[in-house]
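Peer 1: The lines below spell out each chain.
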Amino acid sequence: DQQVKQNSPSLSVQEGRISILNCDYTNSMFDYFLWYKKYPAEGPTFLISISSIKDKNEDGRFTVFLNKSAKHLSLHIVPSQPGDSAVYFCAASAPYNTDKLIFGTGTRLQVFP
Amino acid sequence: DTAVSQTPKYLVTQMGNDKSIKCEQNLGHDTMYWYKQDSKKFLKIMFSYNNKELIINETVPNRFSPKSPDKAHLNLHINSLELGDSAVYFCASSHRGQEAKNIQYFGAGTRLSVL
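So the sequences go chain by chain: F and Y. Just so we're aligned, residue 351 is where the first sequence starts under the numbering used here, counting upward by one. Just so we're aligned, residue 187 is where the second sequence starts under the numbering used here, counting upward by one.
Okay, chain F solo, but in the shape it has when bound (with noise of 0.2 Å):
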């Protein structure tokens, strides 16, 4: 039972342009969503997040956007850079048990020049 999902478990993007990575999550109660970037040999590294109270938070070239009603958010970067190259993981939280945060698969993505 995966309350969180991240479809594309791979994505290749140009240098410079937008890349845009999509999240879909089944429980209706998740009020927080965090963005984590992990690199090989590392662990995941917090990039962003977002309240249910909101429906879009920016930090420098990374955007994310929730839409409630479809249950589904969605990281944009913009300029993309090599440096991005990492697999990408979404995580929610239900305000009932906040200690817990629901990860999804995962998202692989590729900057190439």
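Calculated directly from the structure, the hints in this document are not laboratory data. Here the structure is a predicted model, which is why all the values come from computation and not from measurement. Any given hint could be a false lead.
Unchecked claim - Straight-line alpha carbon distances no greater than 20 Å define the calculated EDC-like cross-link-like pairs of lysine to aspartate or glutamate that follow:
(1) Y:K230 - F:D374
(2) Y:K226 - F:D374
(3) Y:K222 - F:E392
(4) Y:K238 - Y:D256
(5) Y:K205 - Y:D271
(6) F:K450 - Y:E239
Claimed, not checked - If we take Cβ atoms under 10 Å as the criterion, some of the chain Y residues that face chain F in the derived model are:
(7) L213
(8) T217
(9) I241
(10) I242
Note that the Cβ used here is the ideal one computed from N, Cα and C, for glycine as well.
Use these hints to put chain Y onto chain F, whose structure you have.
Peer 2: Just chain Y now, kept in the frame of chain F:
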């Protein structure tokens, strides 16, 4: 000056052995976690401690026993290791802020291989 550090980074052992993984955080956080990432890359929470008190205990075999001697440390002991225990284990920590929004910070992981 690593924020969340785990030792060892790699662990290769035989079935039936008992092993421990250590985790320490120097972020001043009050909550620590253990996650397991299996062969399908699915990252799933196992345990969580807040101020040395167990607050999350997912459906994990009782061969796995976490121990938190203080807020900065959370160790994971595994008895009678099985082939299916082979995975990458990540430690994480966070601070329960006023908004109770949980940004967790992860260690680099311990790759456990059971032969």
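Peer 1: Evaluate each hint against the coordinates.
Peer 2: Hint check:
As the CA atoms of K230 (chain Y) and D374 (chain F) are separated by approximately 17 Å, the hinted pair is consistent with the 20 Å bound. Simply put, K226 (chain Y) and D374 (chain F) have alpha-carbon atoms about 18 Å apart, close enough for the 20 Å limit, and the pair holds. Between K222 (chain Y) and E392 (chain F), the direct Cα distance comes to roughly 14 Å. Compliance with the 20 Å bound is thereby established for this hinted pair. Of the pairs offered as hints, the one joining K238 (chain Y) and D256 (chain Y) holds, with about 6 Å between alpha carbons and a cut-off of 20 Å not exceeded.
With a C-alpha separation of about 11 Å, the suggested pair K205 (chain Y) and D271 (chain Y) falls inside the 20 Å cut-off, and the hint holds. For the suggested pair K450 (chain F) and E239 (chain Y), the alpha carbons sit about 15 Å apart, so the restraint of at most 20 Å is met. Interface restraint check for L213 (chain Y): the shortest CB-CB distance to chain F comes to about 12 Å, outside 10 Å, so the restraint is violated. Satisfaction of the interface hint for T217 (chain Y) is found here, the shortest Cβ-Cβ separation to chain F being roughly 6 Å, below the 10 Å cut-off.
Hint on I241 (chain Y) holds. Least Cβ distance to chain F is approximately 6 Å, under the 10 Å limit. The restraint placing I242 (chain Y) at the interface with chain F holds, with a minimum CB-CB distance near 6 Å, inside the 10 Å limit.
Consistency with the previously given hints fails for number 7 only.
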